[in-house]
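Protein chains: 2
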Amino acid sequence: MPKHEKFLNSLLVKRVAVNIKRLRLEKHLSQEELATLSGYHRTYVGSIERSERNITLTTLETIAKALQIEASELLKE
Amino acid sequence: MPKHEKFLNSLLVKRVAVNIKRLRLEKHLSQEELATLSGYHRTYVGSIERSERNITLTTLETIAKALQIEASELLKE
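Here the protein sequences come in this chain order: A and B. Residue 23 in numbering that gives the first Met the number 0 sits at position 24 of the first sequence, with consecutive numbering throughout. Residue 10 in numbering that gives the first Met the number 0 sits at position 11 of the second sequence, with consecutive numbering throughout.
Just so you know, these hints were derived from the structure itself, not from any lab. Note that this is a predicted model, so its numbers are computed, not measured. Just so you know, not all the hints are guaranteed correct.
One-sided excerpt, in silico: chain A residues whose CB lies under 7 Å from chain B [stated by the list, open to error]: (1) S9; (2) L11; (3) V12; (4) N53; (5) I54; (6) T55; (7) L56; (8) T57; (9) E60; (10) A70; (11) S71; (12) L74; (13) K75.
Here are the simulated EDC-like cross-link-like pairs (lysine to aspartate or glutamate), alpha carbons at most 16 Å apart as the crow flies [what the hints assert, rightly or not]: (14) B/K75 to A/E69; (15) A/K20 to A/E48; (16) B/K13 to A/E69; (17) A/K20 to A/E32; (18) A/K20 to A/E76; (19) A/K75 to B/E76; (20) B/K75 to A/E76; (21) A/K64 to A/E32; (22) B/K13 to B/E72; (23) A/K13 to B/E69; (24) A/K75 to B/E69; (25) B/K20 to B/E31; (26) A/K75 to B/E72; (27) A/K20 to A/E51; (28) B/K75 to A/E72; (29) B/K13 to B/E48; (30) B/K26 to B/E72.
All C-beta atoms in this analysis are idealised placements derived from N, C-alpha and C, irrespective of residue type, glycine included.
The task is simple: from the sequences and hints, build the whole structure.
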């Protein structure tokens, strides 16, 4: 089992993944552009958007800043 | 430097810590009761409330369920 599969059952991990992708596209940013803005690698941003990462609060904060939104927006349904 | 000190600069880690404590007290729960409800150790809940832990989305989700609230509530200012 890939190490990320256990997170597929987390509704919150899925919701954050969907929200990041949706908000990134609303701002007309590519994964690579969001990666540059947040200081992460493009493949890492991709894995977050595929719900493969159980990210921490500081990572969530960094991505929210890069998207210029409140972190709580990323958790909303 | 204790390993948690780097998180003290994270506004989001601090905000979540304050919110968990506030909502726990509003529900008249002790740290020990919240720990039991969420399946964590009392000392771990204490360290989260002291902003010493950079918790993940699944931990946030577990605590929100134990407090019977939406996870996004824990990130609000």
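Hints breached by this structure: When the structure is compared with the hints, none of them turns out to be violated.
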